[in-house]
Amino acid sequence: MKDLLREVDAVPVTIVTAIAYGTLAVVTQPFGDPREFGQLLERFGWLTPHDVIAGEPWRLLTHAYLHGGAVHLLFNLATLFAFGPALERSLGSVRFLLLYVVSALGGALAVCCTYEPNQPVVGGSGALFGMMGAAMAMNMRSGRHVLACLDFDGPRRLLGAIAANLVLGFFFPMISNTAHVGGLLAGFLLTFLWLRPGDATLALQRWRLASLALLAGATFSSFVPATRIDWLAMQFEATDDPQRREALLRAVYRTGKVVPVAEPQPRGR
Amino acid sequence: MTAAPPSLRAVGRHLPIATVLLVAVWPFALWLLSRSDPELAVRFESAVYHALRTLAFWLLAAVGVACIVFPPAWAGLRLFWSRLWRSLSNDQAPLRRAISELRHFESAARHAEVGRLARLRQRDDLARPHLERAVELDPTHAGSWYQLGLLQFHAGQSAVAAESFRRVEELDPGHAFGDALLLRGRALHALGDPEALALLVQHQRQHGGSPRSHVWLADAHLRAGDRDAANAALQLAAAPPRLRLTAEENWFRAWARVRCLGSRRTP
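Note that the protein sequences, when read in sequence, are chains V and Z.
Following my numbering, the numbering of the first sequence begins with 1 at its first residue and continues without gaps.
Following my numbering, the numbering of the second sequence begins with 1 at its first residue and continues without gaps.
Keep in mind the hints are simulated off the structure, nothing from the lab.
Worth double-checking, as some hints may not be accurate.
Said to hold, decoys possible - Partial list, derived from the structure: chain V residues whose beta carbon lies under 7 Å from chain Z: (1) S142; (2) G143; (3) L214; (4) F223; (5) I229; (6) A233; (7) L248; (8) R250; (9) R254; (10) T255.
Even for Gly, the Cβ is constructed at its ideal location relative to N, Cα and C.
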């Protein structure tokens, strides 16, 4: 196992990720009919919260390698090359890969917990925000105390960049700020709590446990969204018990996302 | 300043982690509820979200209004922020270094230093044995008695704190710019000892006053039944400061302003 990890550590994950971005961008290009773009993205793994509960959990990760156009791809490539190489040198390739995957998952779980069931999401920006969170965490834990890094220009600019990107995401409706925040949080917590040298203090162990509990809760909520309309509808389809079906139907209406279709009224003269 | 009761502080310390765990448990709780009654789960979720939103809105509004009309509200926010900032921006390295130095050579001064730094990091559990060992090794070290007294005072152990501060005053009168004398007076006040008033007056005479000492003196005067002297002390505490006060002193001044207002209305 150690040999395998050593071999993986020699792989430049940033370059491989960039190649994956580029390859998938080419593969999902609708060279003929532009209306095929959505279908291609769906086929190659865009993320919708409903797909996850419908038995396609791999979309939690695949969406982080797909992009919704050339501008989206270029922005994310630029960010990947701005943060990736330095972080990969600091953490090592295996840990950097772990960071990318966990941040992408963090963004995806945040989307699954809060979005409408059929809202699709693509892009690696959740993972890229995770890298920014990781860079901030490394700055915070390398100083004499957690706020010492704010005395320096680099961390201050990084915080500014994070804030600017979040504000930008707030103003553009096609940008998924939820995924950004989820990825940022996941990358920060992973690096600040887990990817650190030395023995863990009692407080650190407690926070690690809390972060695991949070991950478990978010994962459970993504796979079993007990109060979301599509999950309730799926339960309704799956059960034969009339009482249970009635209860589920009431719950579906109670979500407020569906309105009972009114009986057609006879038109008056 | 009278410290918050230890139980309250412990709750405050565990609140963030408890909140995270509560958020983590939420989906499981909803699912369990949904198994018995799916409609109830949906209603419960929307009711909780609605209640949280309403609570957040009214809390913000109440805090905003309170900050404008009730001086301790703003002073309390400043105090909270100051303590949070201090706890986040406190250097760990000196404490680690002091502990590692102690392994090579034990002395009262080194134990006292560990105790002092641990108190700065709000690690009272770590500080206590070191400070107790420091006064055991060298009972003539005023600094150790002072730090031990502070620790006992903030833990609500007024009797032992008063004794520690008495030792400080014996060994080094005017230690920490008279703080030991002031704290001894306050500790005795908490014990209901009439000597407290004399000590607080002596502190005022020897070291001048601050909003904190004025407020404590007012409390002692009130207990002695001297309302006029208490009001005069409160007026002094509430007076506009010439320099910017620390967050702690500002907290006392804010309360003194409120109490002054109350004392004016009282016939």
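Hint-by-hint comparison with the structure:
1. S142: violated (12 Å)
2. G143: For G143/V, the interface hint is violated, since the closest Cβ of chain Z sits about 9 Å away, which is over 7 Å.
3. L214: holds (5 Å)
4. F223: violated (9 Å)
5. I229: Not OK, violated: I229/V not within 7 Å of chain Z, min 9 Å.
6. A233: violated (11 Å)
7. L248: holds (5 Å)
8. R250: Since chain Z brings a Cβ to about 4 Å from R250/V, closer than 7 Å, the hint holds.
9. R254: holds (4 Å)
10. T255: holds (6 Å)
In summary, the numbered hints that this structure violates are 1, 2, 4, 5 and 6.
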